[in-house]
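Colleague: Protein chains in written order, with full-length UniProt numbering: chain A, 1 to 370; chain B, 1 to 370; chain C, 1 to 370; chain D, 1 to 370.
Keep in mind that the hints were calculated from the coordinates and are not lab data. Please note that the accuracy of each hint is not assured.
[Unchecked claim] PhoX-like, lysine-lysine: derived pairs with alpha carbons at most 20 Å apart: (1) Lys140/C with Lys199/C; (2) Lys91/A with Lys51/A; (3) Lys91/A with Lys51/D; (4) Lys199/B with Lys142/B; (5) Lys51/A with Lys142/D; (6) Lys199/B with Lys140/B; (7) Lys140/D with Lys91/D; (8) Lys199/A with Lys140/A; (9) Lys91/B with Lys91/C; (10) Lys91/A with Lys142/A; (11) Lys51/C with Lys91/B; (12) Lys140/D with Lys199/D; (13) Lys91/C with Lys140/C; (14) Lys91/C with Lys51/B; (15) Lys142/D with Lys199/D.
Model, not experiment: these values are computed from the prediction.
There are 4 protein chains.
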Amino acid sequence: MTTEYDDGRLGRARVSDTPELTAYYDELAELEAGALWTVANDIEPWYPQPKSVPVLWRYRELRPLVRKALDLVKADDAGRRVVMLVNPGRKDVSAAVGLLYTGLQIMGPGEAMTAHRHQAAALRFVHEGTGAWTIVDGQKLKVGPGDFAITPNGTWHEHGNESDEAPVIWQDGLDIPLVNAHDAGFYEVHPDLYQQPGKVINSSLLTYGANLLPYGAQEWSRPYSPLLAYPWEPTYESLRHLARATEGSPYDGVIAEYTNPVTGGSVMPTMGAHMQLLRPGQATRAHRHTGSVIYTAAKGHGYSVVAGQRFTWQQGDIFCVPSWAWHEHHNLDQDEDACLFSFNDFPVMRSLGFYREEAYTDNGGHQPTA
Amino acid sequence: MTTEYDDGRLGRARVSDTPELTAYYDELAELEAGALWTVANDIEPWYPQPKSVPVLWRYRELRPLVRKALDLVKADDAGRRVVMLVNPGRKDVSAAVGLLYTGLQIMGPGEAMTAHRHQAAALRFVHEGTGAWTIVDGQKLKVGPGDFAITPNGTWHEHGNESDEAPVIWQDGLDIPLVNAHDAGFYEVHPDLYQQPGKVINSSLLTYGANLLPYGAQEWSRPYSPLLAYPWEPTYESLRHLARATEGSPYDGVIAEYTNPVTGGSVMPTMGAHMQLLRPGQATRAHRHTGSVIYTAAKGHGYSVVAGQRFTWQQGDIFCVPSWAWHEHHNLDQDEDACLFSFNDFPVMRSLGFYREEAYTDNGGHQPTA
Amino acid sequence: MTTEYDDGRLGRARVSDTPELTAYYDELAELEAGALWTVANDIEPWYPQPKSVPVLWRYRELRPLVRKALDLVKADDAGRRVVMLVNPGRKDVSAAVGLLYTGLQIMGPGEAMTAHRHQAAALRFVHEGTGAWTIVDGQKLKVGPGDFAITPNGTWHEHGNESDEAPVIWQDGLDIPLVNAHDAGFYEVHPDLYQQPGKVINSSLLTYGANLLPYGAQEWSRPYSPLLAYPWEPTYESLRHLARATEGSPYDGVIAEYTNPVTGGSVMPTMGAHMQLLRPGQATRAHRHTGSVIYTAAKGHGYSVVAGQRFTWQQGDIFCVPSWAWHEHHNLDQDEDACLFSFNDFPVMRSLGFYREEAYTDNGGHQPTA
Amino acid sequence: MTTEYDDGRLGRARVSDTPELTAYYDELAELEAGALWTVANDIEPWYPQPKSVPVLWRYRELRPLVRKALDLVKADDAGRRVVMLVNPGRKDVSAAVGLLYTGLQIMGPGEAMTAHRHQAAALRFVHEGTGAWTIVDGQKLKVGPGDFAITPNGTWHEHGNESDEAPVIWQDGLDIPLVNAHDAGFYEVHPDLYQQPGKVINSSLLTYGANLLPYGAQEWSRPYSPLLAYPWEPTYESLRHLARATEGSPYDGVIAEYTNPVTGGSVMPTMGAHMQLLRPGQATRAHRHTGSVIYTAAKGHGYSVVAGQRFTWQQGDIFCVPSWAWHEHHNLDQDEDACLFSFNDFPVMRSLGFYREEAYTDNGGHQPTA
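Only chain A is shown next, with the shape it has when bound in the complex:
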């Protein structure tokens, strides 16, 4: 341990137990009290000490188990038929990393779920299947592979798969652990069990065109995006265009955030989402920041180094970066670009004044790996 982080320094708590103190602590405990100095160094660490660890979930390993769930449980009994990804350090709160939850949901051909709403906000990233639909506060949306969609907190929602043939597997991202950490969870089943959607499919996609706001948009006052889905094709095309105009980020390549068109801000107040493009053969430099991120390989293959561990990914794989962990990304394809979808709690970090970022400066910006 360096002097910098030495708990024996003046300025840190360094009181040893004595019989007298132990007796004193007992007295305090009787009054629902305690001595700060017995825990001070633990609860005020030098830098973040997440219990979350870096994890890679391979889609080819998870997929058979996800499909198995189709036979094992009825959708109506499960509520949602989801295999959740659980960080070994966060089993107590069912988090994939930090205060974020993620899982793979499967809907069989023709299935439809009942409608509910909850305080937790949700987002979807479609892995496979072409029949997926969702109804969010009465607006019916159809989404396909690579599409990103949101179910902002408090909105009624239900999903289904209108395909006759293939199941849909999409990834859910929710802030359930965040909501629970804040003792703010509510849940309601829709009084009619199902919503009556409006006639126009994908109406918010039709409404929020490129850099134009329609009549009435100024009245939108909810804290989330009125645009509820962001299809893959224009997203990918935008990144390709962006790659012609900019170098991008040294840490993330050509990266853009899905935004609320009414404010230019994040899609929801608790979670943001990005798509990033790594140029053929690109190796980004490492950085770290507060805030947790869940990545999904949307295109191509490569590897990321997280806290010194190398995680090799291909399309469909999911991995996480805990708060303050160094991370960098490598596209292993020398001819094709690779894309990573990700979602995070950066909006929370910024709202609460917690965001902090640092570049890895040694070794040309690349972490040594074991």
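Dock chains B, C and D against chain A, hints included.
Modeller: Showing chains B, C and D alone in chain A's frame:
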């Protein structure tokens, strides 16, 4: 005059001149003072009393004169070779309506203007010619018919026409009268006379894709849009999509505002701009609002009724709506949609708390015309 | 003329009249059009060219005339009995400077005016008399010498003087010329001629204590301060405290802005107001900025140099600083501080992106005077 | 259980274990995955299920133990000599309620602590002693009983007691559990161990007077209040004034939030603080809301009913209200008002869109108590 607007009422100034008062007014004048009641009813009118009147400028009438300017003055001598449209009531301030200026600028094949910057903000709407380019703060943009582009206040800018054959005619919109009304005008010639543009053409168009914000966009802190051009095709396509999702405004049809992607707000703090689509045969209802508007027919033909006067327009025509004048729009084509581009001072109305709007309720929402 | 501001330079309009051009201009005029280059240099000046000039209005000169109005016109006939201060360069719009209006209003003992409301925003600064009251949107306020109060745009208001003995003279500041420049003026007489005030006098003063916001204040959504009056004593005390904590501004001494406690912003969207304290003998350095200011000497005596002209003031005197005019302030008392109240259109300058400021660097920051 | 909250309903997870499923869960566990339906009802509860319970800490019981700490540990060894108040349901994170920490800190005559800074934000409420001082980012403040002060996140701070005679006991409030829940904690010892304070004591108190913002305040861009202390006397006086102007809140009596004078918002982005006055004999009605609150009796005596439990308090006592717990307050003195200081995480609730509130409508707004 109705009782409602009777200046003889208690609550209005109603002092008649007397010799004693006249002498008093002279005394006041010697001290650079005056009696409020002599002007109160004039300077605090019951409702807005713009000096601007509704005007239609026909493109087919103006075009020959605009082209004539090519031969009459050199671009270098004119600064900009522009035929400005001047409201009969606002000749003193060279305004087309209210505090807005507009004009038709022509650039001959191969011409290039010198660079300058000014406090006034400018916007462009291209009428004809395919060779137009503009460099705004080092960013080179190419614009064609129907495209909308901005030159925010204080940005260096220069323009030209790279065509070998045809001149470019575009419409300038500026807030020059607004800036002057506020005694806030500054002007500078570029020290090198010409800018050195960056290599990437249309870089802001490449950068601000559909509902995505790139890395670094959060740092944008200027009060105007970093996206500097809005081409016709995606704008028109967006309106067509919008028309499928919404009824639109009863007063404007399917209308959308060009927005700053970083904030969702107007493109500039002093001027906003819209494109609106009138369905085949659509006749909107009349309303009025504070704020002035300059319209340009971008597609199709129709007529608008402004303050009871009917103005028939076809593509390229320009007309204005003074503050608080009733207005409504009619698409005369029963098969094709029509489009009106417009720009306005609504951002000012909103910033200053001056915006007010009222629907015309008589006669099914349509004004009687002479 | 320096080269910098030479209208003969490349980059400025420099077209001389020819018979051919004169004929062309006539053709344009027939179409309600003109050639930009004939006016370009005038409407796009190198720097602001206000028509307003610096003026000092001496209270001891104005006061007798203001009092005379008591006898000459009935309050009910005058609407308001006000001697307005008119800038020689702005008589056409009844402005004291720029787009700001000011005047001295007198109310005799026991007088009460009828209620009205208008788009223009108003503010008051009390010169003399202890009986003044105002009712603003149902809230009755009592104000005395040195007090500052606001009547935000659109609020019903009426005034009076409950003293048995002495008249009240207060200074009105309004944005009437601004409202009219924007064609946004509305005016209404109260349907009942008089409001029914709430029981609690000065309720907003009781409500907005020091750096505390009461229950419900978060719901305040109007664009102006819910606190309607700022008495002299705590204002002066605050400046005295501030003088102990800070050097203040090199251009203004110890200066503070009256603020909307709910936002920390200016009291109204179109006008801001300040009180500033000049230490005994203090001579501030000169600067200039866009935006117009009307000053009132609230305490002490001194002089200000505006655009090279020296204006000596004592308590009650009023003077103006046009946009972009150099100005500096001198307290002539070596033992006592002096205070200047002022109001301005800075909120407009900032909203519209027009604010610009520059320090006078020659001669130790002091302008030469004739 | 009512039908409303029945986990057996369609729309909830209701899958029973089978051998097949158990085997499946094991397979999932090997991949760091799980079945959502096994935990869904727990992690998406019908309404908040805080582990925190209501607690009252009596000052007369805690005080002897707090004083005892003076002898038991040296300030330099303890870091800070604090008896923390620990909720029985939140011992794992050292929280008094929800994600808030509180404790009673004692500083002996003449003591001074070393300087540090951390991501966690802190606030102080002084219980006893007149010698307390704190230096926050170089600004020295003196605080006495009833004063509220803040140490915003990331600011260097150190404290001490300049009295020769009596110790200081103040209450610390921190968001340590919040910071840790978000994996965002940082801590630094000051490189020089002690700061060099500026010469002016209480400079921010002198700077932020009543509803005035000084020159330069517009440049303040940090997410917390530049005003660092709010003394008892003007706070209490403000509430007394407020009581004359308003009924106050039915749930809280006459209540006001300490605010950031530059924005009108909460003092810090993670914690807000209020002072409330209960009129003689006043019994407020019950309500509940998301967000946790820690109350300290600042004046008088009374009782509060929290989640049906009655807690009788007198000056100095501290109690907590967990998220979504019904609560109401009663002043037991029929002649004197009583005051409750409190701090909370409402700014977080609002930023994240989690704030929700509900009135207790039965029984005249009063909870039955055991």
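Colleague: Which hint numbers does the structure go against, in order from smallest to largest?
Modeller: Of the numbered hints, 5, 7, 10 and 13 do not hold.
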